[in-house]
Amino acid sequence: MTEANRHQKAFVSYLTVTIALTLVTVIAFFAGNYLDLVNTVMLYLLVVFIIALKYGRIPAIVTATLSVGLFDFFLIPPKFSFAVDDIKYLFTFAVMLFVGFITAQQASSIRTQKNLAIDKEKSTRGLYQLAKELTACKDIDDITNILKKYSNSIGFEAAIHLIDEQHKFPTFNEQFVIQSLALTVVKQNKFLDISSYTNAKNPEYLFPLNSANRLIGIIYFIHKSHTHFLEVLVEELNAVADLVSITLERLHFEMIASESKLQINSERLRSSILSSLSHDLRTPLTALVGMADSLTRQIDSKEIKLISEAEGIREQARSMVGVINNLLDMAKLHSESVKLNKEWHLFEDVIGSSISFLKSSLNKHKVKVILEPNLPLVEFDAVLMERVLCNLIENAAKYSPMNSEIQISGYMLNRRACIEVNDQGKGFETGKIDNLFKMFIRGKAELSVQGIGLGLAICKAVIDAHGGEISASNLKEGGASILISLPAGNPPNPVMDRY
Amino acid sequence: MKNQGTVILVEDEPHIRRVVKEALEVESWKVIETDYGQRALIELNTRKPDLLIIDLGLPDIDGIEVIKQFRQWSMMPILVISARHEEHQKIMALDEGADDYLTKPFGIGELLARVRAVTRRKIGNLAPSTKYSFGEIEVDLTKQTVTRNNETLHLTVIEYRLLTLLIANEGKIISQKRLLQEVWGPNSSDKSHYSRIYISHLRHKLEKDPTQPEHLLTEVGVGYRFQP
Chain S
281 MTEANRHQKA FVSYLTVTIA LTLVTVIAFF AGNYLDLVNT VMLYLLVVFI IALKYGRIPA
341 IVTATLSVGL FDFFLIPPKF SFAVDDIKYL FTFAVMLFVG FITAQQASSI RTQKNLAIDK
401 EKSTRGLYQL AKELTACKDI DDITNILKKY SNSIGFEAAI HLIDEQHKFP TFNEQFVIQS
461 LALTVVKQNK FLDISSYTNA KNPEYLFPLN SANRLIGIIY FIHKSHTHFL EVLVEELNAV
521 ADLVSITLER LHFEMIASES KLQINSERLR SSILSSLSHD LRTPLTALVG MADSLTRQID
581 SKEIKLISEA EGIREQARSM VGVINNLLDM AKLHSESVKL NKEWHLFEDV IGSSISFLKS
641 SLNKHKVKVI LEPNLPLVEF DAVLMERVLC NLIENAAKYS PMNSEIQISG YMLNRRACIE
701 VNDQGKGFET GKIDNLFKMF IRGKAELSVQ GIGLGLAICK AVIDAHGGEI SASNLKEGGA
761 SILISLPAGN PPNPVMDRY
Chain F
433 MKNQGTVILV EDEPHIRRVV KEALEVESWK VIETDYGQRA LIELNTRKPD LLIIDLGLPD
493 IDGIEVIKQF RQWSMMPILV ISARHEEHQK IMALDEGADD YLTKPFGIGE LLARVRAVTR
553 RKIGNLAPST KYSFGEIEVD LTKQTVTRNN ETLHLTVIEY RLLTLLIANE GKIISQKRLL
613 QEVWGPNSSD KSHYSRIYIS HLRHKLEKDP TQPEHLLTEV GVGYRFQP
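Sequences listed follow chains S and F, in order. Under my numbering, the first residue of the first sequence is numbered 281, with each subsequent residue one higher. Under my numbering, the first residue of the second sequence is numbered 433, with each subsequent residue one higher.
One chain only, chain S, in its complex shape (with noise of 0.2 Å):
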């Protein structure tokens, strides 16, 4: 409201309040034998309360005081005289007074508690539109826009500010003034008066934006004329900041769901071509396995040298399946997705399935396992675990003297269970140990021996998926020794039975 509005709207009301007065002051005057004085004193009551809610205090306290001067001067007796006959009128002065000032402060109460429900009302209605606007933004930049144009409305500019994940403003990179404030606010969750802080004319406000778990950032607030900040402010300034953050929250979890859509699609992509991958490279080489197997028994068995190649072939087919699904393994292993089917096992059945498996890589060495009596049952995916001992029973194989031994051992150690492979082999190189469970590393360069390094990559991926511990030694008499150690848990009861 403007002075000149003010002073416009005090010169009508008082000239209402003059004309109302003069009115009700010559009705009484010319009517007063039909009139009694106690409905005159009515009359000037009912200018004074109409007055108050029209008009507000000030008026009507002034019509009220009004009343009693032209009441007493041109109606009681002596008229045209504030003399009193009667003393009794004075007690109807006061009387007059008393409840004139008070109807004029009740109503002017009502009239304050009105407009601020129409105040409040139509802030709410701002706020209402505001939320409805924020929910159709898609981007920040139209949560802004919508932003501007509310702030506008209420008479202030308004920026959003959002914090990085180093916990600092970039917007405010060359302001350290309020680059700290902003800090303060966010992280205390109140908002803040920085004119002192920032010398400007117009009152201007930091609001924090937060969710429940994460910080988010500030909008800056300046008021585009230079007045007093009204505390009934605070409370819509407060409701814009949190439709606000709620918004921009909303906007965090959309792009976070359309993220993780995007990554399922890409794994659901990745295991199609695995899993085409390895039936289009396996079917050839069963084929191959299948056709070199049928020809050794098709040759006359006279030929030898004939008979050893087409097993040779068969051999080479069959390892070649073996590096194949070495590949795949490791790049399920990789894939982020792999659920691992957790059983409660013998360590006896997956090593005694390994020795079987490689029946025909062993012929060459002799396997001797060493389990401690009475082993518990052991948490793990039988089917990985399989892949595991296999492939380390056969580097084993690969990296040892022909008939020498290949030793397993499975034993409870500080509520771990242990499953070790030792061959008497020349061991690993020294220096080599740390990497020899990163990908494609070998422990040695030799050439003769097959392999591209991805057996030991696959063991340790699968024992970190089960919270266990791999690791590889030297044997003191010389030997490569690798060291798996899982967790005990708590297997379940064993089962009694009756003979």
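Careful: at least some of the hints might be erroneous.
What the hints assert, rightly or not - So the derived label-pair ranges between C-beta atoms look like this:
#1 F:646 <-> S:709: 34 to 42 Å
#2 F:613 <-> S:640: 33 to 41 Å
#3 F:613 <-> S:655: 25 to 33 Å
#4 F:500 <-> S:411: 51 to 59 Å
#5 F:581 <-> S:653: 18 to 26 Å
#6 S:772 <-> F:458: 47 to 55 Å
#7 S:548 <-> F:468: 24 to 32 Å
#8 F:613 <-> S:692: 29 to 37 Å
No lab work stands behind these hints: they were computed from the structure. By construction, the Cβ of each residue, glycine as well, lies at the ideal position given by its N, Cα and C atoms.
Got chain S; can you put chain F on it based on the hints?
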């Protein structure tokens, strides 16, 4: 060698199909080959084969679907060809009624051994004898005793039940689920560790080296196989 009967071979890779066909023909099987699942269903219906050998990855419909439909009208043995990395598919195929599987790549010896195992009962090679022996072990099915070199071995009730179930399915895979159901009853499928413990007990009593068993074999992720 007498005619073994008719086998329907469903495999989309022609080289594998040829190798399998030739190997079976040497063993006196009449082989009908096809590369499509739908075609296989028609052949199965009209030819009334004695054996079905089927690859799970077919160009038109899933091999498991063929098994499912075939099992609705026929109890003939089914042998599945599958890759090593597909344990869940093997289990699914066994649950749908397949009798056994071959893991790619397989040798001809392996193929013929599996074929013999799944068709044995059908052809009647396994006469209902009262005594059964493997290695040094002899099982007397009437007296319900087990001996090693004439020395009596003490088996618990469940161990004996397990052993006879395995013997009855000589050479064939028994899935974990089926083994639990037949030995421990229908509500035992969540007690898979039972079977592991009891197989281990049996191995300790019957095998020379329980850590490298020759007869009671574990097929990791799928089930067990008894090899005489």
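Results for each hint:
no.: 1; hint: F:646 <-> S:709: 34 to 42 Å; result: holds, 38 Å
no.: 2; hint: F:613 <-> S:640: 33 to 41 Å; result: holds, 34 Å
no.: 3; hint: F:613 <-> S:655: 25 to 33 Å; result: holds, 27 Å
no.: 4; hint: F:500 <-> S:411: 51 to 59 Å; result: holds, 55 Å
no.: 5; hint: F:581 <-> S:653: 18 to 26 Å; result: holds, 24 Å
no.: 6; hint: S:772 <-> F:458: 47 to 55 Å; result: holds, 49 Å
no.: 7; hint: S:548 <-> F:468: 24 to 32 Å; result: holds, 27 Å
no.: 8; hint: F:613 <-> S:692: 29 to 37 Å; result: holds, 32 Å
Checked against the numbered hints listed earlier, the structure breaks none of them; every hint is satisfied.
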